[in-house]
Amino acid sequence: MNVLDIKNLKILFRTGEGFVRAVEGVDIHVGEGERVAIVGESGCGKSVTSLACMRLLQSPPAYYTADTFDFVSRDGTRHNLLTKSENEMLTLRAREMAMIFQDPSTFLNPVMTIGEQLDEVFIYHKNMKPKEARVHTIEMMKKVGIPDPEMRANQYPHELSGGLKQRILIAMATSLSPRLLIADEPTTALDVTIQAQILRLIGERCEKEKMSLLMITHDLGVVREMADRVYVMYCGKIVEEGTVDEILSHPKHPYTKALIDTVPDMNTKTERFVQIPHNVPHPMNKPKGCYFSNRCAYCTELCTQKQPPLYDRGDGRKVRCYYKTEELWEK
Amino acid sequence: MKGYYLKKVLSSLFVLFIIISLNFFLPRMIFSDPAQPYFAGVPEDAIALREQIREEYGFNDPLIVQYFDYLGRVITLDFGESHYYKESVWKVMFSRIPWSMVLTVSSMLFSIFFGIIFGAVAGKKREHTADKVLLWLSGITTAIPSFWLALVSLMLFAFTYKIFPYRGAMTAGYTLTMNGPLFLVVLVAVMAVAVALRFITKKSVFIFAGIPVSLAAALLSSVPLADILDVAYHAALPVMIAVFSGTISYALLVRNSMIAVTSEDYILTARAKGLPPRVVLYKHTFRNALLPLITNVGMSMAGLMGGSVLTEKIFSWPGMGQLLLDACNNGDYLLSQAILLLFAVITVVCNFITDLVYHKFDPRVKEV
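These protein sequence lines map, in sequence, to chains A and B.
At position 328 of the first sequence (counting the first as 1) the number is 328 in our numbering, and the numbers step up by one without a gap.
In our numbering, each residue carries its 1-based index in the second sequence increased by 331.
The shape of chain A in the complex, shown without the other chains:
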């Protein structure tokens, strides 16, 4: 049974120049205990999608519609995230679905101690007294590997390193063992040496608490490490979907291939890093046909005229490209 079931999700933002279509009909599902990654460049709508799942986008300016936008909690109840009231969402957040954010230094309140911020989860969801909550907080801090938690609990965020702060955010998100953990680029702001530790910790926590993981990232190394299944997103649309091994070793969409090519190879010395030409088009000014057509090396007349549909190849892989055959890459 799927934990998260999204069909045809559209997210619009009202701006001064009109509506911006940030997400245009996205289908995503996350199974029980599954680890799913959404990959794409900045501005392709992946963060917005993850915030929408938690219903954390302010509306206005954000508006969403979907054919299905369901979350199934641990007791098996289906929650329609489109129609939930804000009050009902309060009982889902942290208890059933939780989120880890990108930059731990800006996502912790600077004027509250670490302990106070962790206590809140227990105080407001479990109706605990502050003293009782602190016991659980210390317990939680131990679980995410924070040395000397009693001392750390009385410190303020600026007194902790980035890695420790991210551990605190992980503790905060997983302390009520939610069913779904959403991680929005959790390692982007960290040192490379810390990244591996944090990823391992997220993996461990998911396994232990039997959580499903929805990981947002642009780092294909992270995808390889963490995910079972991958969605590649571009300009608010899913362009390719499949298992990690399939996608990384046999990309079908030119965008996926381009992304993989940009990862520098450690074994060969290159003159220049490979890059995808041009930038992600402005959401108000997307190309007429395939959104990737202006940057695609295999673009044809048809691509600039008509949007390709998401072809289902039957083996769990879907590709939004007219040239979906293997031969393409042999040219």
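One or more of the hints may lead you astray.
[What the hints assert, rightly or not] Derived EDC-like pairs: lysine to aspartate or glutamate, alpha-carbon spacing no greater than 20 Å straight-line:
{"id": "1", "chain 1": "A", "residue 1": "Lys84", "chain 2": "A", "residue 2": "Asp103"}
{"id": "2", "chain 1": "A", "residue 1": "Lys286", "chain 2": "A", "residue 2": "Glu271"}
{"id": "3", "chain 1": "A", "residue 1": "Lys126", "chain 2": "A", "residue 2": "Asp75"}
{"id": "4", "chain 1": "B", "residue 1": "Lys614", "chain 2": "B", "residue 2": "Asp693"}
{"id": "5", "chain 1": "A", "residue 1": "Lys208", "chain 2": "A", "residue 2": "Glu17"}
{"id": "6", "chain 1": "B", "residue 1": "Lys338", "chain 2": "B", "residue 2": "Asp686"}
{"id": "7", "chain 1": "B", "residue 1": "Lys614", "chain 2": "A", "residue 2": "Asp67"}
{"id": "8", "chain 1": "B", "residue 1": "Lys534", "chain 2": "A", "residue 2": "Glu116"}
{"id": "9", "chain 1": "A", "residue 1": "Lys126", "chain 2": "A", "residue 2": "Glu209"}
{"id": "10", "chain 1": "B", "residue 1": "Lys691", "chain 2": "A", "residue 2": "Glu116"}
{"id": "11", "chain 1": "B", "residue 1": "Lys614", "chain 2": "A", "residue 2": "Asp148"}
{"id": "12", "chain 1": "A", "residue 1": "Lys142", "chain 2": "A", "residue 2": "Glu132"}
{"id": "13", "chain 1": "A", "residue 1": "Lys84", "chain 2": "A", "residue 2": "Asp70"}
{"id": "14", "chain 1": "B", "residue 1": "Lys533", "chain 2": "A", "residue 2": "Glu116"}
{"id": "15", "chain 1": "A", "residue 1": "Lys286", "chain 2": "A", "residue 2": "Glu17"}
{"id": "16", "chain 1": "B", "residue 1": "Lys455", "chain 2": "A", "residue 2": "Glu86"}
{"id": "17", "chain 1": "B", "residue 1": "Lys455", "chain 2": "B", "residue 2": "Asp364"}
{"id": "18", "chain 1": "B", "residue 1": "Lys691", "chain 2": "A", "residue 2": "Glu159"}
{"id": "19", "chain 1": "A", "residue 1": "Lys131", "chain 2": "A", "residue 2": "Asp103"}
{"id": "20", "chain 1": "B", "residue 1": "Lys456", "chain 2": "A", "residue 2": "Glu86"}
{"id": "21", "chain 1": "A", "residue 1": "Lys10", "chain 2": "A", "residue 2": "Asp67"}
The set of hints was computed from the structure by calculation and includes no laboratory data.
Nothing here was measured: the structure is a model prediction, and the numbers come from that model.
Using the hints, position chain B against chain A.
Coordinates of chain B only, in the frame set by chain A:
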């Protein structure tokens, strides 16, 4: 930590030294002849007598000698005698400071109180009624100078409708029958209780509540109620005008920082934790949004004893602002120097105190 405070004290002292020097030289550039007021009653042609007065008060000494003479007197806190009031400068100033504080303290407390509430309501949701009203009012208070507002309201409420008195601080004169020792005893006693409570309960709210409560208790116990009511009646109009513009400027400050803090990342974290909106608002947003207000209040504390020159002039309020203006007009430069110096010292001290208490509100400041 100790080094930090020492550095602060030293830099404050240095600032004070510069201020004292400016305070000496500036009046000597403004007033044509500092000795002039001393010649009152001395005939124009009694040149020998004038020379004698000059010599006696040291006006014939080189400027640098006069300067060090002044420094010496400042250090011993000897400001001399106001030749206009024929009284020691200290005495003249201290008879006026409480009157200024009646206006400034009450209008500041009301402004902060209403400003925080108004600002929080307006900043809660952007573009809503309260927010729009606040922006309109702030436009109005910026466009209308407060002295004009004071004049118009004086005309309307004191002359046309005669609801409020039009001048002075009391119906007769301005000497309160005040039991000074009792005032001090009650003030210290209540404050001591507040401090004790602070240490017993470990909640600093007692200190903050203790200041206004002890002041009020001391006043009520040492001054006859009829006098308090009389002063309150006279202060009502000037205070209301000050509170009107004060509230709006504080509210705007709180509203702006509320809106800025609302889009901070840690507010998203608080919401993702599933905290109820009111907890997100008051525990996370509001607490961070108050930081700029504290800086601002700390800086305007300096004006508490200084009073407002314009308001006091318009309402003929016997405060420090009015005193300074008169001293300048009368060429009473010993008095004006002392007043300006007092303002400067209070400003420096208040900034120092703000620095000291700021880390209570923003833990990041501790590291400096």
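Against the structure, the hints:
1. Straight-line distance between C-alpha atoms of Lys84(A) and Asp103(A) comes to about 29 Å, which puts the hinted pair past the 20 Å bound.
2. Annotation: proposed proximity of Lys286(A) to Glu271(A) is violated, straight-line Cα distance about 32 Å (limit 20 Å).
3. This hinted pair checks out: Lys126(A) and Asp75(A) have alpha carbons roughly 17 Å apart, not beyond 20 Å.
4. For the proposed pair Lys614(B) and Asp693(B), the alpha carbon gap of about 14 Å is at most 20 Å, so the pair holds.
5. At most 20 Å may separate the alpha-carbon atoms for a hinted pair to count; Lys208(A) and Glu17(A) exceed this at roughly 47 Å.
6. Proximity of Lys338(B) to Asp686(B) is assessed by CA-CA distance (about 12 Å); at most 20 Å being required, the pair is judged to hold.
7. Proximity of Lys614(B) to Asp67(A) is assessed by CA-CA distance (about 37 Å); at most 20 Å being required, the pair is judged violated.
8. For the hint pairing Lys534(B) with Glu116(A), the CA-to-CA distance comes to about 16 Å; that is within 20 Å, so the pair holds.
9. This hinted pair checks out: Lys126(A) and Glu209(A) have alpha carbons roughly 18 Å apart, not beyond 20 Å.
10. A distance of roughly 16 Å separates the Cα atoms of Lys691(B) and Glu116(A); the hinted pair therefore holds under the 20 Å criterion.
11. As the CA atoms of Lys614(B) and Asp148(A) are separated by approximately 27 Å, the hinted pair breaks the 20 Å bound.
12. Between Lys142(A) and Glu132(A) the CA atoms are separated by roughly 16 Å; this keeps the pair inside 20 Å, and the hint holds.
13. Distance restraint check for Lys84(A) and Asp70(A): the Cα-Cα separation of roughly 10 Å lies within the 20 Å cut-off, and the hinted pair is therefore satisfied.
14. With a CA separation close to 17 Å, the supplied pair Lys533(B) and Glu116(A) stays within the 20 Å bound.
15. Simply put, Lys286(A) and Glu17(A) have alpha-carbon atoms about 15 Å apart, close enough for the 20 Å limit, and the pair holds.
16. For the given pair, Lys455(B) sits about 16 Å from Glu86(A) by alpha-carbon distance, which is consistent with the 20 Å threshold.
17. About 58 Å separates the Cα atoms of Lys455(B) and Asp364(B), which puts this hinted pair outside 20 Å; it is violated.
18. Between Lys691(B) and Glu159(A) the CA atoms are separated by roughly 16 Å; this keeps the pair inside 20 Å, and the hint holds.
19. Proximity of Lys131(A) to Asp103(A) is assessed by CA-CA distance (about 29 Å); at most 20 Å being required, the pair is judged violated.
20. A C-alpha spacing of about 16 Å is found between Lys456(B) and Glu86(A), which places the hinted pair at or below 20 Å, so the restraint holds.
21. Proximity of Lys10(A) to Asp67(A) is assessed by CA-CA distance (about 9 Å); at most 20 Å being required, the pair is judged to hold.
In this structure, the hints that do not hold are numbers 1, 2, 5, 7, 11, 17 and 19, in rising order.
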